[in-house]
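Participant: Single-letter residue listing:
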Amino acid sequence: MTTLTDPPEESFRLSMLINDTRYRAYTFQFIALLLLIMFMSYLGWNLVQNLAERGQDISYRFLGEPAGYDINQSVIEYDSQSTHLRASIVGVLNTIIVAFLGCVTATILGVAAGVLRLSPNWLVRKLMAAYVEAFRNVPVLIWILIIFSIMTAAMPAPSAFRGETPDASMVFDAMAFTNRGVYLPAPIWGSGSLAVILVFVASVIGVFAYRRYATKLLYDTGKLLPMGWPSLAILVLPPVLAYYLMGQPISLEYPELKGFNFGGGIHIRGSLIALWFALAIYTGAFIAENVRAGIQAISRGQTEAAASLGLRPRRIMNLVILPQALRIVIPPVISQYLNLTKNSSLAIAVGYMDVTGTLGGITLNQTGRAIETVLMLMLFYLFISLAISAVMNLYNNSMKLKER
Amino acid sequence: MSDTHSQSAFVRSEILPEAPPPVRERGIVKWFRENLFSSVANTILTLAAIWAVYYLITATGPWLLNGVWTTSSLSECRDVLDGRTGACFSVLAERWNQLIFGFKYPDELYWRPGLAFVLLFVALAPLLFAKVFPRKLLVLTAIYPFLAFYLIWGGTIMVPVFALLGFVVGFFVYKRLVLQSASMGLLGAVVSALVFWYVTGFLTGYMSNFLALEPVPSRDMGGFMLNMMLGVICVSLSLPIGILLALGRQSTMPIIKWISVVFIEFIRGVPLITLLFVANVVLAYFLPPESSLDLILRVIIMITMFASAYIAEVIRGGLAALPPGQYEAADSLGLDYAQSMQLVILPQALKISIPGIVNVSVGLFKDTTLVSVISMFDLVGMIRGPILGAAEWNGVYWELFGFAALLFFIVCYSISQYSQWLERQLRTDHA
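In order, the protein sequences belong to chains A and B. Using our numbering, the first residue of the first sequence is number 1, and each one after it goes up by one. Using our numbering, the first residue of the second sequence is number 1, and each one after it goes up by one.
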């Protein structure tokens with residue numbers, strides 16, 4: 001039986017609060033909390049005083065009042081008599097549209113540029129390096145403005161398409177690039193088009209099923225089925241057949257010059273295109289660097305090991321390098337998506353009506369409710385960021401190397 | 001032996017001289033074959049790249065070469081060019097001062113920000129090239145912020161001098177008290193500096209003409225100067241704050257930790273534009289009614305908060321990357337928290353964080369263009385507002401935006417090149 005001899009009981013002295021490591025942490029936290037509360041109440045007190053002085057209050061009632069302004073690009077029903085809340089929702093949807101389009105395009109550009117930067121081709125390598133450096137080192141706002149001025153200043157006016165020998169002509173007689181935006185043919189869904197779409201979806205699923213089957217067959221029996229041509233056939237043939245069997249239900253509505261402007265078709269404004277392309281090219285340069293770093297992080301030994309097993313270069317890439325590189329590449333790429341979404345708030349510089357343009361722009365100016373609108377705006381972006389980082393954490397956990 | 005010789009038709013008895021490799025396997029031909037035309041796909045890529053380069057050159061070459069530098073409006077440019085493609089660079093020549101200094105900064109005082117800009121390099125040199133310059137020169141770096149403030153804003157010299165002296169007083173108090181305990185030292189330094197500033201605040205009121213330069217109000221700053229000012233000020237302010245936040249986030253004290261976490265995650269979750277909106281329209285509600293903080297100061301506050309949250313995350317990465325043995329070693333030497341951070345942990349963690357810090361700084365410098373959205377006249381704001389708005393230059397987009405892009409490219413690219421050089425300098429693993 002051992003007895004522990006306690007150190008001599010020491011009576012508590014006030015100086016121990018600052019000198020004794022056991023209590024110091026509490027002192028510090030207490031001071032920090034006190035300072036925080038003092039700071040907050042100082043801000044709050046100022047707020048109350050300022051509001052009283054200007055005869056204002058904090059209220060969200062303006063959200064239910066008619067907005068009184070038009071939004072030129074909206075995916076849901078909206079007119080100037082709709083409420084401010086609806087205007088904000090239109091803005092949110094527009095933000096999501098441009099963020100989605102930007103992310104998809106940026107990924108394509110970024111992966112292509114990142115892989116080409118490692119190409120054995122000297123010229124291509126240098127060209128891609130120039131692209132990455134040029135876009136990473138110049139503010140995205142300048143790129144947005146440059147592309148916006150291409151869209152508005154360098155494109156022909158709709159009137160240039162008029163007459164016997166017009167100055168400008170439509171691309172493939174279907175797309176018109178004007179200084180008021182781009183006009184594309186719009187699909188018209190006739191009766192029976194649902195069937196065509198369903199067949200298309202089914203054939204996409206069919207392609208995946210075929211590839212999975214071929215892989216399984218390869219692993220089980222060693223028999224190698226061709227992949228490329230059958231996949232293409234499964235993807236293309238059934239929908240085309242269905243399209244003609246149903247009597248060509250889907251047709252295109254082409255944009256036409258009506259009066260001073262084009263009518264019909266899909267109208268994409270120059271502001272959306274400027275924002276979309278600028279964000280995509282800018283973020284693409286960052287993604288290219290992430291992709292390159294990810295591929296280079298896989299040690300050469302992996303490539304050599306795969307080569308010594310007799311794999312061909314493409315298989316080495318697909319089966320050995322990429323699965324490992326993706327683990328490294330995806331987290332930074334997701335945070336680039338997040339950056340792109342936050343940068344889409346620059347829409348306000350070119351007049352694209354995203355949530356910053358509606359809620360943080362016109363609604364703020366019309367109602368003068370600065371605190372409420374900016375708070376809502378911040379909470380919206382905060383929500384998106386937290387949602388994306390939650391997805392990223394889930395992904396990281398699922399991809400974590402299972403160490404045994 | 002001679003038998004075998006006589007039986008066979010021909011046997012070489014001496015070794016052949018080495019032949020040179022075939023033409024296709026040496027020199028420039030080999031390089032071309034390996035780098036540009038090694039396969040069909042590669043050849044296609046090469047041709048596409050050549051086409052792209054050719055297209056770029058033919059598109060921009062004549063435009064650059066035919067550039068006009070001496071006219072006074074766009075229509076005169078068109079007259080001079082007479083239908084040829086060509087740039088109208090005259091706008092850069094004519095509006096140079098506006099692009100660089102904004103349109104309100106007094107003409108006769110341009111030498112002051114110019115001098116401050118030159119001195120920036122003098123001040124940065126001892127910091128950036130620590131191996132070349134003796135440590136004593138760091139004094140210049142310490143003095144520079146106050147000197148630059150005096151040069152750019154003007155006013156009596158006593159303001160920056162007393163501000164500097166306040167730091168000196170705080171430093172000596174810290175030196176004195178740190179022997180007792182680090183926290184006492186920090187507290188004493190802050191309190192003594194604040195008291196010093198408060199007392200001397202009365203003095204400067206009486207001495208407002210002592211060695212005074214003509215004062216320039218903040219709202220008159222503009223152009224690229226404003227971008228540089230915001231970038232330099234906010235990055236240098238956000239570094240210490242970022243370090244504190246990172247240490248706070250790593251702290252074992254829950255309240256401190258959660259304050260840091262909430263601050264960092266909130267700032268990182270919202271775009272800079274919304275923070276600039278806060279500076280523009282919201283911050284005034286939270287300040288005392290009689291205070292009149294000007295816009296540029298409010299913007300500096302918000303951008304600094306923004307940058308420090310990002311820098312904190314980078315430094316936290318550096319702290320996390322250190323092997324735990326370093327923390328334990330510092331503890332086992334009997335160092336207290338402040339000492340172990342100062343002497344063991346932070347030097348290593350900051351070294352690891354350099355690339356990240358540089359990335360954040362470059363990103364922040366680029367983001368200073370966003371202030372044009374809240375109608376401040378930085379470089380982009382000047383271009384979009386007064387210059388493109390002027391009747392004589394309405395329509396010169398490429399020259400102006402190209403110039404802005406070039407300026408930012410030069411600054412950002414040199415910063416990133418420097419950081420790569422520094423990484424090589426600081427490498428200690430001799431790999």
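Check each hint, because a few of them may be wrong.
[Unchecked claim] Cβ-to-Cβ under 7 Å is the rule here; a few derived chain B residues that face chain A:
| # | residue |
| --- | --- |
| 1 | SER39 |
| 2 | THR43 |
| 3 | LEU47 |
| 4 | TRP51 |
| 5 | PHE129 |
| 6 | PHE133 |
| 7 | ILE256 |
| 8 | PRO289 |
| 9 | TYR397 |
| 10 | ALA405 |
| 11 | SER414 |
| 12 | GLN417 |
| 13 | TRP421 |
[Claimed, not checked] Derived DEER-like restraints, expressed as beta-carbon distance ranges:
| # | chain 1 | residue 1 | chain 2 | residue 2 | range |
| --- | --- | --- | --- | --- | --- |
| 14 | A | SER59 | B | PHE103 | 49 to 55 Å |
| 15 | A | TYR26 | B | LEU164 | 56 to 62 Å |
| 16 | A | THR27 | B | ALA125 | 38 to 44 Å |
| 17 | A | LEU218 | B | ALA329 | 51 to 57 Å |
No lab work stands behind these hints, which were simulated from the structure alone. Note that CB positions come from ideal geometry on N, CA and C, so glycine has one too.
Participant: Restraint: LEU47 of chain B near chain A, CB-CB cut 7 Å. Satisfied or not?
Facilitator: 10 Å, violated
Participant: Once the shortest beta carbon distance from TYR397 of chain B to chain A is found, is it less than 7 Å?
Facilitator: 4 Å, holds
Participant: Tell me if the interface restraint on ALA405 of chain B is satisfied: Cβ within less than 7 Å of some Cβ in chain A.
Facilitator: OK, holds: ALA405 of chain B within 7 Å of chain A, min 5 Å.
Participant: Kindly confirm whether 38 to 44 Å is satisfied by the beta carbon distance between THR27 of chain A and ALA125 of chain B.
Facilitator: Holds - the Cβ-Cβ distance for THR27 of chain A and ALA125 of chain B, about 43 Å, lies within 38 to 44 Å.
Participant: Tell me if the interface restraint on TRP421 of chain B is satisfied: Cβ within less than 7 Å of some Cβ in chain A.
Facilitator: This hint is violated: TRP421 of chain B lies away from chain A, its Cβ roughly 16 Å from the closest one there, beyond 7 Å.
Participant: State, for the Cβ atoms of LEU218 of chain A and ALA329 of chain B, whether the hinted interval 51 to 57 Å holds or is violated.
Facilitator: The hinted range 51 to 57 Å holds for LEU218 of chain A and ALA329 of chain B, with Cβ atoms some 53 Å apart.
Participant: Against chain A, is ILE256 of chain B within 7 Å by beta-carbon distance?
Facilitator: 5 Å, holds
Participant: Has the hinted range 49 to 55 Å been met by the Cβ atoms of SER59 of chain A and PHE103 of chain B?
Facilitator: 40 Å, violated
Participant: Mind checking the CB of PRO289 of chain B against every CB in chain A and telling me if the closest is under 7 Å?
Facilitator: This hint holds: PRO289 of chain B lies near chain A, its Cβ roughly 6 Å from the closest one there, short of 7 Å.
Participant: Regarding the hint that PHE129 of chain B lies at the interface with chain A, is the smallest CB-CB distance below 7 Å?
Facilitator: 22 Å, violated
Participant: Min Cβ distance, THR43 of chain B to chain A: is it shorter than 7 Å?
Facilitator: 9 Å, violated
Participant: A closest beta-carbon separation below 7 Å is what the hint needs, so does TRP51 of chain B meet it against chain A?
Facilitator: Violated, because the Cβ-Cβ distance from TRP51 of chain B to chain A comes to roughly 11 Å (cut-off 7 Å).
Hints 1, 2, 3, 4, 5, 6, 11, 12, 13, 14 and 15, counting from the list given before, are not met by this structure.
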